[in-house]
Amino acid sequence: TQLLEQSPQFLSIQEGENLTVYCNSSSVFSSLQWYRQEPGEGPVLLVTVVTGGEVKKLKRLTFQFGDARKDSSLHITAAQPGDTGLYLCAGGEGDGWAQKLVFGQGTRLTINP
Amino acid sequence: KAGVTQTPRYLIKTRGQQVTLSCSPISGHRSVSWYQQTPGQGLQFLFEYFSETQRNKGNFPGRFSGRQFSNSRSEMNVSTLELGDSALYLCASSLVGLTNTGELFFGEGSRLTVL
Numbered sequence: 001t002q003l004l005e006q007s008p009q010f011l012s013i014q015e016g017e018n019l020t021v022y023c024n025s026s027s028v029f030s031s032l033q034w035y036r037q038e039p040g041e042g043p044v045l046l047v048t049v050v051t052g053g054e055v056k057k058l059k060r061l062t063f064q065f066g067d068a069r070k071d072s073s074l075h076i077t078a079a080q081p082g083d084t085g086l087y088l089c090a091g092g093e094g095d096g097w098a099q100k101l102v103f104g105q106g107t108r109l110t111i112n113p
Numbered sequence: 001k002a003g004v005t006q007t008p009r010y011l012i013k014t015r016g017q018q019v020t021l022s023c024s025p026i027s028g029h030r031s032v033s034w035y036q037q038t039p040g041q042g043l044q045f046l047f048e049y050f051s052e053t054q055r056n057k058g059n060f061p062g063r064f065s066g067r068q069f070s071n072s073r074s075e076m077n078v079s080t081l082e083l084g085d086s087a088l089y090l091c092a093s094s095l096v097g098l099t100n101t102g103e104l105f106f107g108e109g110s111r112l113t114v115l
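Residue numbers (the numbering used here), protein chains in the order written: chain A, 1 to 113; chain B, 1 to 115.
In isolation and in its complexed conformation, chain A is listed as follows (with noise of 0.2 Å):
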């Protein structure tokens, strides 16, 4: 099974200000997933990405899969209090029918008001 790293673990910043997250592994991934989740909840699919050096953007949030497909980014602009989550990556194995994900530890984002 691959490996995901995360970082950082933890973050905390204030209401307005920018934050990346970063997700990395030495193996290659079919596709790369972002999830966010809150506190009583399980996770909740925010984006995918499936080509090297692929960008998508939701509104503030800005995901980027590495031309090697083996990392990816997550970029929020002008960061507010509702973004406040648990920011978790999952690398696709596998394809097709016999696809499955590996998740990273997590990245804690705290948005102080």
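Do not rely on the hints blindly, as some may be mistaken.
Said to hold, decoys possible - Over the 10 Å line for every Cβ pair with chain A, so calculated as not near, a few chain B residues: (1) Ala2; (2) Val4; (3) Leu11; (4) Ile12; (5) Lys13; (6) Gln17; (7) His29; (8) Ser33; (9) Asn56; (10) Phe64; (11) Asn71; (12) Arg73; (13) Ser79; (14) Leu112; (15) Thr113; (16) Leu115.
What the hints assert, rightly or not - Here's a subset of chain B near chain A, in silico, CB distances under 8 Å, partners left out: (17) Gly42; (18) Glu48; (19) Glu103.
Keep in mind the hints are simulated off the structure, nothing from the lab. We put the beta carbon where it would ideally sit given N, CA and C, even for glycine.
Fit chain B to the supplied structure of chain A, relying on the hints for placement.
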């Protein structure tokens, strides 16, 4: 459409007991995966079922087992509970196909406390 439903949401057991957790996937989703989430270990993959067959399995002892029914509903069982089994158990369903990229839709989880 209805999301993934897990029952029970909370339960307390004592060491040595066994527990069964249930998961109803999104209608039309044939793949169900189970994960254990703890503060120290993060999300750990338990197993995945597709069409009543276990297709993938994580590195957990044999005390952890599961099954899937013909209607895609799934159950997982943990026997001889240990204190370290206290965790949030998450079920996720997925739409499987040739272009599948493995997106998971999670339930809210079953929080198990072992005393």
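Tell me the numbers of any earlier hints that the structure contravenes, in ascending order. 2, 8, 9
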